[in-house]
Structure formats: structure tokens, C-alpha cells
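Protein chains in written order, with the numbering used here: chain A, 109 to 424; chain B, 109 to 424.
The hints are simulated quantities; they were obtained by calculation from the structure and are not laboratory data.
Bear in mind that the values here come from a model prediction, so they are computed numbers and not experimental data.
Fair warning: there could be bad hints in the mix.
Since the list gives no way to pick out one identical chain from another, each pair is judged satisfied if it fits inside one copy or across any two copies.
What the hints assert, rightly or not - Below, computed lysine to any residue pairings styled on SDA-like, alpha-carbon distance capped at 25 Å: (1) 417 x 340; (2) 403 x 261; (3) 231 x 399; (4) 225 x 371; (5) 348 x 235; (6) 223 x 194.
Protein chains: 2
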Amino acid sequence: MLRRHLVTALACACSVLAFSALAADKAKPTPTAKELLAASKPSEWRRPDPQNLIYMQLPTGRVVIELAPDFTPLHAANIRTLVREHYFDGLAIIRVQDNFVTQWGDPNDDDSGDKSKIRPLGKASKTLPPEYTRSIDPTLQWTPLPDGDVYAPQVGFSEGFPAARDPATRREWLTHCYGAVGVARDIDPNSGSGSSLYAVIGQAPRGLDRNLAIAGRVLQGMPLLSGLSRGAEPMGFYTKAPQRITLGSVQLASDVAEKDRQDIEVLRTDSPTFAALVEGKRNRRDTFYTLPAGKVDLCSISIPVRDAKATATSKP
Amino acid sequence: MLRRHLVTALACACSVLAFSALAADKAKPTPTAKELLAASKPSEWRRPDPQNLIYMQLPTGRVVIELAPDFTPLHAANIRTLVREHYFDGLAIIRVQDNFVTQWGDPNDDDSGDKSKIRPLGKASKTLPPEYTRSIDPTLQWTPLPDGDVYAPQVGFSEGFPAARDPATRREWLTHCYGAVGVARDIDPNSGSGSSLYAVIGQAPRGLDRNLAIAGRVLQGMPLLSGLSRGAEPMGFYTKAPQRITLGSVQLASDVAEKDRQDIEVLRTDSPTFAALVEGKRNRRDTFYTLPAGKVDLCSISIPVRDAKATATSKP
Numbered sequence: 109m110l111r112r113h114l115v116t117a118l119a120c121a122c123s124v125l126a127f128s129a130l131a132a133d134k135a136k137p138t139p140t141a142k143e144l145l146a147a148s149k150p151s152e153w154r155r156p157d158p159q160n161l162i163y164m165q166l167p168t169g170r171v172v173i174e175l176a177p178d179f180t181p182l183h184a185a186n187i188r189t190l191v192r193e194h195y196f197d198g199l200a201i202i203r204v205q206d207n208f209v210t211q212w213g214d215p216n217d218d219d220s221g222d223k224s225k226i227r228p229l230g231k232a233s234k235t236l237p238p239e240y241t242r243s244i245d246p247t248l249q250w251t252p253l254p255d256g257d258v259y260a261p262q263v264g265f266s267e268g269f270p271a272a273r274d275p276a277t278r279r280e281w282l283t284h285c286y287g288a289v290g291v292a293r294d295i296d297p298n299s300g301s302g303s304s305l306y307a308v309i310g311q312a313p314r315g316l317d318r319n320l321a322i323a324g325r326v327l328q329g330m331p332l333l334s335g336l337s338r339g340a341e342p343m344g345f346y347t348k349a350p351q352r353i354t355l356g357s358v359q360l361a362s363d364v365a366e367k368d369r370q371d372i373e374v375l376r377t378d379s380p381t382f383a384a385l386v387e388g389k390r391n392r393r394d395t396f397y398t399l400p401a402g403k404v405d406l407c408s409i410s411i412p413v414r415d416a417k418a419t420a421t422s423k424p
Numbered sequence: 109m110l111r112r113h114l115v116t117a118l119a120c121a122c123s124v125l126a127f128s129a130l131a132a133d134k135a136k137p138t139p140t141a142k143e144l145l146a147a148s149k150p151s152e153w154r155r156p157d158p159q160n161l162i163y164m165q166l167p168t169g170r171v172v173i174e175l176a177p178d179f180t181p182l183h184a185a186n187i188r189t190l191v192r193e194h195y196f197d198g199l200a201i202i203r204v205q206d207n208f209v210t211q212w213g214d215p216n217d218d219d220s221g222d223k224s225k226i227r228p229l230g231k232a233s234k235t236l237p238p239e240y241t242r243s244i245d246p247t248l249q250w251t252p253l254p255d256g257d258v259y260a261p262q263v264g265f266s267e268g269f270p271a272a273r274d275p276a277t278r279r280e281w282l283t284h285c286y287g288a289v290g291v292a293r294d295i296d297p298n299s300g301s302g303s304s305l306y307a308v309i310g311q312a313p314r315g316l317d318r319n320l321a322i323a324g325r326v327l328q329g330m331p332l333l334s335g336l337s338r339g340a341e342p343m344g345f346y347t348k349a350p351q352r353i354t355l356g357s358v359q360l361a362s363d364v365a366e367k368d369r370q371d372i373e374v375l376r377t378d379s380p381t382f383a384a385l386v387e388g389k390r391n392r393r394d395t396f397y398t399l400p401a402g403k404v405d406l407c408s409i410s411i412p413v414r415d416a417k418a419t420a421t422s423k424p
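Required output: the full structure, derived from the provided sequences and hints.
Right, here's the structure in full:
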């Protein structure tokens, strides 16, 4: 059992969902994530609106992204328009920069691209207002974390997304945690449209917070974006076009026949079970951890996602 | 230039070394990393002791790891012994868990392995004292960071490694930042030997700090460890043995003929140039960033590494 115990324990440090394995065969005071999730109530899980779910097909599988219209409504609407126009179909992952981002869009919309072949955005806007932050809305769900943050006065989860707040300015914004999907732009803050997006694949680049719009979050399929060969060119661009990963169909779940949709459920971040998972990560007591951290940082918390059709759970 | 500006600016948020690109063609008050590094003095760079440098050959290239004998001397010595015995040659990367770690060692030293084929450790110790923390030594170089930390009272760089301190207990320890190389172990804190190691490939799992020994840090080749397909089994194990990545030769630089060594230089974390790079990341002012973060977290700082034989610089 040596290696298994080892990796189990190691794994537990990363995913609340992995808390389970080690404890499965040992009685422990701290309930494991597996136990907590098994005991969770159906009402603690939410089904994202299919209008906010994007299925992005890669050669290796499907990536599921949830848009965040509460924070970036104009970007969500524009991305929906682009998706409905099949704008992304056949475009590509153009860069993978280690410990930073995987970015996709139109390869021709670049210095090295063929400007004459740039794909038109159709009915979608070419530019949008920044939407980097929004005024704090008391009607939005907010679950604060207790351990502070290097970058923001307050951090927690708003409507299920990792977020930060500044009571002084009454502003709230989504944070660049692992799996965040941001809107690439030019120098002009108004130049983003959602036609080129990036997903965070490394240490949270929180310095981007409030400087770029976050359009959503990857719910499933992160390994398909993070486990790619890094581009050899500066900023992770691929040296040769054939190295790019071509996107298959990119659709809104709402445009997919119901029988073909994934029945994805996300644990509510304002649920008792989520609170117990967070506390279990802050103060995990088992035979492996001799010293519980006693703290947890926003971007180290994973939000459980499951396919209601299956019984299995997975993390982004 | 649209896309190039975009990615340049994006890239800059991740690597101090990438600050350069955007500024290259624009006059800006904040000197870029490229400018700062170009102006750095030879005395600001250190050449790691070849006795502390490990060359780990993968099918895709070489990973260079620097051991941290100031923090884990017994582990450094044991790993040197294992390397000199060619213990790691032909072993494998046995798991890649998304947003967590890539781990290598003896595939047979696992539940699914063939116990009869476990590779002996030879003269190396099978177990070692934990070495999770060490008493603060005033003679060790310490460069504190100004912006605080969620997990520790103080964070900064000690002898060139990301580290944390607790003045109350007078203890100091290396932190699980991106690229940290940790010592896998069993439940027993004394069960680690260095025969199985992991590298952090995602959001810093700081909850592991002070619960596992950090033997060193990857100086070059991180993309070769982070850009691998994630294992489909729980905790990132590969489903089939052939999916594992076999290790080629694993050597100490000191055992390699001088002419064949990489002449690696690492920017001193107590140098004025490093301080300027950190400040540039904390308060970057350019046409892209409308709002400088004003802060930086320990694990978001990359330490410049260069091959003195080449003129190019690179980040781990």
C-alpha cells in the first residue's frame, strides 16, 4: 500500500474531491470529501443554464465552459452570438504558455497570419466595454473566505465563481484562478470581443485581475487544455501551423438536443457541503498530514462538478 | 499587430522575463525585464554547484533540477547517492495529476506493481528524517517579500529558493511553488527517501508546506513535466504501463564531463536586478495594464535562469 497511500495523501492536498481515497479505509474525525459529497442534498447542486454552457470539442475530447453573465453580460452575449454563428468551429489553439495560459482563436488574426483570411465576426460586436469589475450587488450570492488574500481586500465565491471584492470601492470582480476563461484583447481596453479566449493553466496570474474581462470558467476538460505541449515560440506560440490544435464544433448546450446534453451539476458554493469541503481543506486532520495548513487561498479551492447522468464526480 | 500586442501583454503578466516584448517597441517609465536583465552585472548571477544539479533526461529533452542542501541536506545526499547508483535510469513518470504534480519513481513500488521487481536502493537510505522545516539561520541569505501571504507569517527567498518563515517558532521552510521538487513518502513522516519525487505543475499546493520535504527546484525543463497528458486513473496514474514516460539517464552535473555540462546561471534573489524585477511585477505600468496589482504573491515570481554559453534567458 505504500505508493498508494503516498499518492492518495498527495492527491488530497490538491483536490477536495480527492480527500476521499486515503480516508476510505480509515476511520477519521474529519469527514472526507467523498463522504461529504455522498451525503450532500440534491438542493446543494445547481444545474448551469444551458444558455451559459459552451461545449468546445477538441481532438482529445470535450471542454465545457460556463459563461458568467452576472459579471460580463456583454461578453457572454457576444460569445453566444459567435458560437451560434459557428465562428469558433475549425479555429485553433494558437498558443500554450507554460504556467500561464492556453489561448484559442483565429490563427490569421496575428502578425504571422494571413490577414485576407481573417474570419469575420458576423453579427457579433468587434469591440466591447471592458467589464473588468462590477458594482457589488447584494442580490448576488456571496460566500467569503476567512483567510485573506494577497491581492484583494476580500475573496470568496460569487454565484459559484471565484471572486474578489473591495468594500471601499463597492466593486466586485472574477479572479484569474486555475480554469478561468478570459477575454484576450489589444492595448485598447475596449478591444476585446470574445473572439479570442484564454484559460488559466498555471499559478493564478492574479495580476491580470481587473485588467482583463473574465467571461467564464472551465467546468470540465481542463486537462485537455493544460496537458498540451507548450509552444516553442515566445509567449507559447507554436512554431509551425500544424502544431496548433484545431477546434471541432463549439456549441451552446442550449443548441444541442436535450438527449445529447451533458447533465452537469455544480456544487453550490453557498451550500453547507461546500463549506465543509473548504474547512476540510483548511484543517485536514489525518494520518498523513502532521500539520494542517489552517488556511486556504481562493485559487486552491476546486468546485465539485458532476455529471448527473453518471454517479461519478470530477473536478475542473 | 493586434494579436501580437495582445499576447505580449498577456504573457507579461506571467513571466518577469516576458515584460520585455511589449515594451521593446515603446518607451515606458518602468524598465522591462529584458532591459533589466541586459543591464544586470555578472556578479548578480550565481552558478549552482554541479554537485547540486541533476540532469534528468526525458524523451522530449532534459530537465535540470537544483537540490536544496541548505534545507534538506539528508535528502540531497540520499538523492545524490541514488543518482550516482543510476537508480533512476529507466524508471518512469508514473502519474501526472492535473493542477497538482508530476511524479516519477519505480512503477513497481505501487499496488499495481510487481513487488518482486522493485529496484533496490543500494547504498541509499530507505527512510530519512522529515526535514520539513529548519531553524532560521542568520547566515542564510533571506530576501523578504512585502505583500504578505495566506499561509505563512513571512515569505521570500532563501538562498535562491521560494521560502517561508515563522519568527515565533524560528523555523524556515521551502514552499510548494510551481517547479518545487518534493519527496514522496508514505504515512510515516520518516518514510521518504527521495526514490520517488514529484514536481508541482499547478496552483501552488501550499497545504503541503511543512508536511513534505522539498528537495529542490526545477531550473529548466518545466514544460517537459507540465505539458504531459494527465493520467486517467485516480490521482493521475496512467491506466496502462506503456503510457508512462520512461526516464533516460539521470546524472549529477558534477559527474558529467565539464565540456558537456550546461553552464547554467540563476539570478541571485538578493540582487538589485531581482528586486527591480519583483517591483516591476508588483507595479507594472504600461499601455496594457490599466491597473497595476500593487502586490505580488510568492509563487507568482519566476527566478530568471540563463545558459551562460548562450545569451538567451529563460524561465523555469
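Now for the hints, and whether the structure bears them out:
no. : hint      : result
1   : 417 x 340 : between (40 Å within a copy, 20 Å between copies)
2   : 403 x 261 : both (16 Å within a copy, 12 Å between copies)
3   : 231 x 399 : neither (56 Å within a copy, 31 Å between copies)
4   : 225 x 371 : neither (37 Å within a copy, 45 Å between copies)
5   : 348 x 235 : neither (29 Å within a copy, 47 Å between copies)
6   : 223 x 194 : within (20 Å within a copy, 53 Å between copies)
Violation of the numbered hints given earlier is confined to hints 3, 4, 5; the remaining hints are satisfied by the structure.
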